[in-house]
Each structure stands twice: as C-alpha cells, then as structure tokens.
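Peer 1: Model the placement of chain B on the given structure of chain A, informed by the hints.
Residue numbers (the working numbering), protein chains in the order written: chain A, 1 to 304; chain B, 1 to 304.
For the record, the hints were derived by calculation from the structure and aren't laboratory data. Quick caveat, the model's predicted, so the values are computed rather than measured.
Subject to a maximum C-alpha distance of 25 Å in a straight line, what follows is the list of computed SDA-like cross-link-like pairs (lysine to any residue):
| # | chain 1 | residue 1 | chain 2 | residue 2 |
| --- | --- | --- | --- | --- |
| 1 | B | 185 | A | 91 |
| 2 | B | 276 | A | 215 |
| 3 | A | 185 | B | 229 |
| 4 | B | 185 | A | 302 |
| 5 | A | 185 | B | 277 |
| 6 | A | 185 | B | 83 |
| 7 | A | 185 | B | 20 |
| 8 | A | 257 | B | 304 |
| 9 | B | 185 | A | 85 |
| 10 | B | 257 | A | 295 |
| 11 | B | 185 | A | 15 |
| 12 | A | 185 | B | 88 |
| 13 | B | 185 | A | 277 |
| 14 | A | 107 | A | 2 |
| 15 | B | 185 | A | 16 |
| 16 | B | 185 | A | 296 |
| 17 | A | 185 | B | 18 |
| 18 | B | 257 | A | 223 |
| 19 | B | 276 | B | 202 |
| 20 | B | 68 | B | 109 |
| 21 | A | 107 | A | 124 |
| 22 | A | 257 | B | 300 |
| 23 | B | 276 | A | 180 |
| 24 | A | 185 | B | 86 |
| 25 | A | 257 | B | 303 |
| 26 | B | 185 | A | 83 |
| 27 | A | 185 | A | 261 |
2 protein chains.
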Amino acid sequence: MSLLVVGSVAFDSVRGPRGAVERMLGGSATYFAIAASYFTEVRLVGVVGDDFGEEHHSVLINRGICTKGLERVPGKTFFWSGEYSTDMNDRQTLDVQLNVFATFEPKLSSQYRQSPYLFLGNIDPELQHSVAAQMESPLLIAGDTMNFWIEGKRKELHQTLKRIHVLIVNDQEARLLSGEFNLIKAGRAIQAMGPETVVIKRGDNGVTMLQDDDIFSFPALPLDEVFDPTGAGDSFAGGFMGYLTSRGLANGGVDRKAFRRAAIYGSVMGSFAVEKFGVDRLLHLTREEIDERLNRFRLLTHFE
Amino acid sequence: MSLLVVGSVAFDSVRGPRGAVERMLGGSATYFAIAASYFTEVRLVGVVGDDFGEEHHSVLINRGICTKGLERVPGKTFFWSGEYSTDMNDRQTLDVQLNVFATFEPKLSSQYRQSPYLFLGNIDPELQHSVAAQMESPLLIAGDTMNFWIEGKRKELHQTLKRIHVLIVNDQEARLLSGEFNLIKAGRAIQAMGPETVVIKRGDNGVTMLQDDDIFSFPALPLDEVFDPTGAGDSFAGGFMGYLTSRGLANGGVDRKAFRRAAIYGSVMGSFAVEKFGVDRLLHLTREEIDERLNRFRLLTHFE
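Looking at chain A on its own, in the form it has when it is part of the complex (with noise of 0.2 Å):
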C-alpha cells in the first residue's frame, strides 16, 4: 500500500546546547518520508528550488521515496532556523524565508490521487483542504497543524478537520484549538471537530491518543542525551502512518491494537530522530533497531 506525504522541503539551521548546523536537510514532509519509508512505498509531495542538488535529492531516492511529487521551481528552498533552550523543551524561531514554498500550490497525478493513505504536513488549511478534496477513494487521512494556523486560519483549519479521521497535535496545539486546559477534555473537544482520533504528543512526558471512547497513553523513552529535536513530532507522525499502512488499516477502532502499536513506533522513531542532528540518525536504521526499540517501550511500561 502507498503513503502520500504533502508537506515542506527545507534547510534548517539548527542551534542548540549541543551545538549548531547550518543548512541542513529538513521540513516535515522530508522527517516524516524517511520515518515512513521503513514501514511503507511513501510518496513525497513538497516544492524545491534550484538549491536544492543531488545530494540532498538522493537522500530521499536512497530511502526508496518516490519523489515524482517533489516539484523544482526557480528560486530558492524554505529555509528555517531556531535555537534551543538550555533543557531543549523551549525553542525559538531565529529566521524562517518561505521563498518557492510560498507559492506552493500541490497538484496530484492522477496515481497520486489514488493512494489510499495521506498525511497531510503542517501546511496552510487550505492547501490540506485542496490535498484531501483531489484524494479519489483514500482508506485513512491523517493531519497536522501548528499555532500559526490555528490563530490565523481557524475557520478553515475546521474545513480541514472535517476531512480528516488522525489529529496528530502536541499538547500546546491541542489546548489552542480547543480552548481547553485538561489535555483529555482537550482530545474529545477535538474529536467533536471531526477526527475519529486525537494524537497529542506530549514531548518528554509521552504520548495520549484518543480514539473513539478509548484512550491510550505512554511515557516517553527515557534518553540520556538529546542532541536536536526537530523533527522529531513529524518523524513520530512517519512511523504512526508507515505502520498503519503497512497493515492495510481503515480508519476508526476497526483495530485499537494496532492504532496502540502504530503510537509506540511513532514514538520509536521520534526517539531516534532526536539522537543526531538532522535526518542523519534516521537514514540508516534497520526494522530490527526499530523493533528492538519498541521492546524498550514494553519493557518500560509493563506490569502484572
């Protein structure tokens, strides 16, 4: 089964307590692709410009993503840069230059349109919106979005939310768009806009899921040294998905357990994507790493 992935290509620039890098590979729909890409056929919609080069081109083609939907236009790529606070939990955007993502206006072949899973990035609304109305028969669609659209495009971040069955928030995200504090009460006001599931990423303290009347809840792996969060929301978002399509899954509680496990491999690969800067700890996993790590997860948090 195939993914469709719709969201920013682009270079960061990244400083933190463990140090800085310039220009690095970035953007949610490129974390999310290569988290994916060892569950699943993912398919990578996003915009370039021309400095974009084969090196970076390959990084995605090495990870077996089909990159069809990667548009190249004159100019120059998104580029973002941000500083982490001393204990990582904080961060502060220093620059961010939409250049071509700007104009960025998805339009899906006629195969793209035929993919049964979708995850729409942290885009403008109404590009989700327009990604969603072009799908033909999509099994699942799951979602994100951030702070910006939720104060800026409220009434057509709902539009979007009434297409989509997975919110994949952080905690923040969810009390914004819900105007509640408690993160459950937060989850079913969320629930009441449309999607069957709420998954509300929590940083270092875990992950809630809300699906239906039921809910999931885990803490996070505990990791001795964090060197570079981004990316780790949309990588937990590459693995969620690359999970729920390799089991072929329909939306809803047709399959808690596996929504459960797709959670926990979420988690799996945000952990690893923190451990290195940039994409780099993410690129060179095997499915046994990925699996080992999910046992680290049960090992954390079983009982009898």
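Peer 2: Showing chain B alone in chain A's frame:
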C-alpha cells in the same frame, strides 16, 4: 506485616477552582496511613494538639490504623493553608502554623521499633534520621522530602538518604536535590546518594521509578475532574508502601514485578485522593474499586 509511618497530622484549609474547605483533617501521615490501610496494618507516629477532637481521631481508628504513637500535647495542631492555581498545577502556601509540630521529637515504643516497614514522611531530615536509627531490624525504609529541607538541611538530608532504600519525591524535588534537569540523570544521581530505588512523581505526567539499573515509567490516569490535589503524593506513598508491606518484600531488586505493581497501586490511591476535598474520597473505598482502577491503568497503557 506492620507498616510504621512518621509524619505530620494537620488541619488544612484549601482553596482552588473547585471551591474552598476550612480546617479539614490532613497532614502527610494522615493521607499516607489512610491510603496504606487498604493493604496492611498501619502504625502512625505523630503529634496533635488540644483541638484534635474525637471526630478526627475516629477517622483514623475507623480505618483500623493504630494510633498508639499519636501523641497529644497541649497547644494547637499543625495548620496549613494553601491555594491552587486554575489548572491545579501550582499551589501557593498562604499560611503555615507549626504549633505542637515545632517541638515534635518522635520516640518509638519497643513494639513500634520492631516494625519491619517504615515510611519517613516529609519532616526534618534530622528527625527522619533519629527515627530510622531507633528501628531494630527494618526490612524496608522509604522516605519523602521537600524543597525546604533540600535547601535548608542538605547535609542532614544526605545522612538520612544513606539509611533509606526508597526515596519518593516529585520532579522538582528530584531536580533540586540532584542538580540535574533530565529526570533519568536526576534519579541516577539520587541513587548514588543511597536509595536503591527512586520514585519520581511527575503530577499529571505520571511516575518514573528507577530501581538499580531498571526504569519503569507510566502516565497518569486521565481524570475528568480534580477537586483537590492536596495529599496526592502522600496517598501515592501509602499505596506504594502498603502494597509492598502486604507482600512482605524486602529492599531492592528482589522482586521488580512487585515494585512496579506497588507504583501503580500508589498512583491508584493518589488518583482517588484528588477526586474529593481532603481525605473524603479515601475513606470509603473497597479493595475491588482499587483493583478495578489498577486495571484501568493496564487498559490505558497496554499495547501488543
């Protein structure tokens, strides 16, 4: 087996978003003893004043708690007053009157000295040390502390830490005591101070327990309404130690399964404690309700 607890018995006035209650029965030893009483025989050592009436005493007696060690002296009982923030995650102390607690010097009877299990509630580390030194051959000693003692009596606290097997603290206390922000590093640093087992309570983010080189972590139970967080930590400790006492377990990694289950029972008792003001919710439970809630933790966290 018997479980001895030394700590405060108090009157608390609490204000919060759910209302206000004046001079209700409280104190660390009170919450601990009531929570533990569902699992084992409990002996309480503390001090109260003339204002501690039969109606208060009978609350403890009705739970089968041995109060031979509860001294009654002229003066007033320890009084605490506090106010919770809207999200219940912060509290401000409005008033503290130590009263008879200011000159408390616990002396154990020969029967009490033979108790195999001891919990040192959050009192002056010098008193904790003096109580631990009076014990004849304890199987397991656990203790609590707080920022006030970590900052004001660090040297004395380190002496106490050398005598205890299990330290139960919250995340802020663990960070302050260890000087480490990362909670796993904080826990490891505290283990190096003495306790083989360090239990870190992370409020509505759950609990992380380090035991030798093992780590156990689990989320908090989602609760729709929290009425009063006062005593949740002491109720956790009561459930934790009450269960270990009922199993007759000694220190250390001899039975990790039981320590993990104890941490869940602790969280179960903490989750009940916050559902009403003061000790009200803890007074009329059944073992079936307790085990049903333990099963809710299993349903919340289980994956395959």
